[in-house]
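Protein chains in written order, with the working numbering: chain A, 8 to 120; chain B, 6 to 119.
Be careful, since some hints might not be right.
Stated by the list, open to error - To list a few chain A residues with every Cβ distance to chain B over 10 Å, as calculated:
id	residue
1	Thr27
2	Ser34
3	Glu59
4	Leu97
5	Ala99
Unchecked claim - Label pairs and their calculated CB-CB ranges:
id	chain 1	residue 1	chain 2	residue 2	range
6	A	Arg116	B	Gly21	33 to 41 Å
7	A	Pro15	B	Glu49	45 to 53 Å
8	B	Ala74	A	Val120	27 to 35 Å
It is worth saying that the hints were derived from the structure and are not from the lab. Ideal Cβ placement from N, Cα and C applies to all residues, glycine included.
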Amino acid sequence: DAGVTQSPTHLIKTRGQQVTLRCSPKSGHDTVSWYQQALGQGPQFIFQYYEEEERQRGNFPDRFSGHQYPNYSSELNVNALLLGDSALYLCASSLVAARSGYTFGSGTRLTVV
Amino acid sequence: ELKVEQNPLFLSMQEGKNYTIYCNYSTTSDRLYWYRQDPGKSLESLFVLLSNGAVKQEGRLMASLDTKARLSTLHITAAVHDLSATYFCAVDIISGTSGSRLTFGEGTQLTVNP
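Make a model of the complete structure from these sequences and hints.
What follows is the structure, given as structure tokens:
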């Protein structure tokens, strides 16, 4: 049973560029959440998608946007990258209302130079 | 705004010793999770605590939850080097049809020395 798959594993981008990160949820899960983890800090909630809609959003600017597809996979897009966007981006999948808890992917390490 | 505070943030302990990590949170929650993170890796789920008085144990780790005090503890018994990692508590707020979100503490970086 495949867990949560994230791609790419590592990414280097230049300030001002745009980036797309991808996440395939665990089989049977229908909800995807995204978190940003800066070095030495706890993960921060970006947003959550269910039924292809954004259900909750954390305190992140509009430069951060997302999408969920009918197969429950999800993308995180970040526009106009800043140096401060450098972080580990984690995707977590769950059933709606997190009845079975969350399963985290291995993350995408984004470096903005 | 929900705040989750862990202490200590850094913990250096000797093998064989016992210690407790504390997690305080500011509002009523639905669930509380403990995760482990090794350097450069993702989050590994350790425990989920659902109700007041819940206690769960796995090996040398034991977690408890006091919802009235808004406090969870992670107790380490007879520490071994393999427990060296960063430990996070996370509070889950479920908003019905509006989804759910985890709010994490700052993490406790544990180093177990021989």
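Hint-by-hint comparison with the structure:
| no. | hint | result |
| --- | --- | --- |
| 1 | Thr27 | holds, 20 Å |
| 2 | Ser34 | holds, 17 Å |
| 3 | Glu59 | holds, 13 Å |
| 4 | Leu97 | violated, 6 Å |
| 5 | Ala99 | violated, 8 Å |
| 6 | Arg116/A / Gly21/B: 33 to 41 Å | holds, 35 Å |
| 7 | Pro15/A / Glu49/B: 45 to 53 Å | violated, 22 Å |
| 8 | Ala74/B / Val120/A: 27 to 35 Å | violated, 46 Å |
Checked against the numbered hints listed earlier, the structure breaks hints 4, 5, 7 and 8; every other hint is satisfied.
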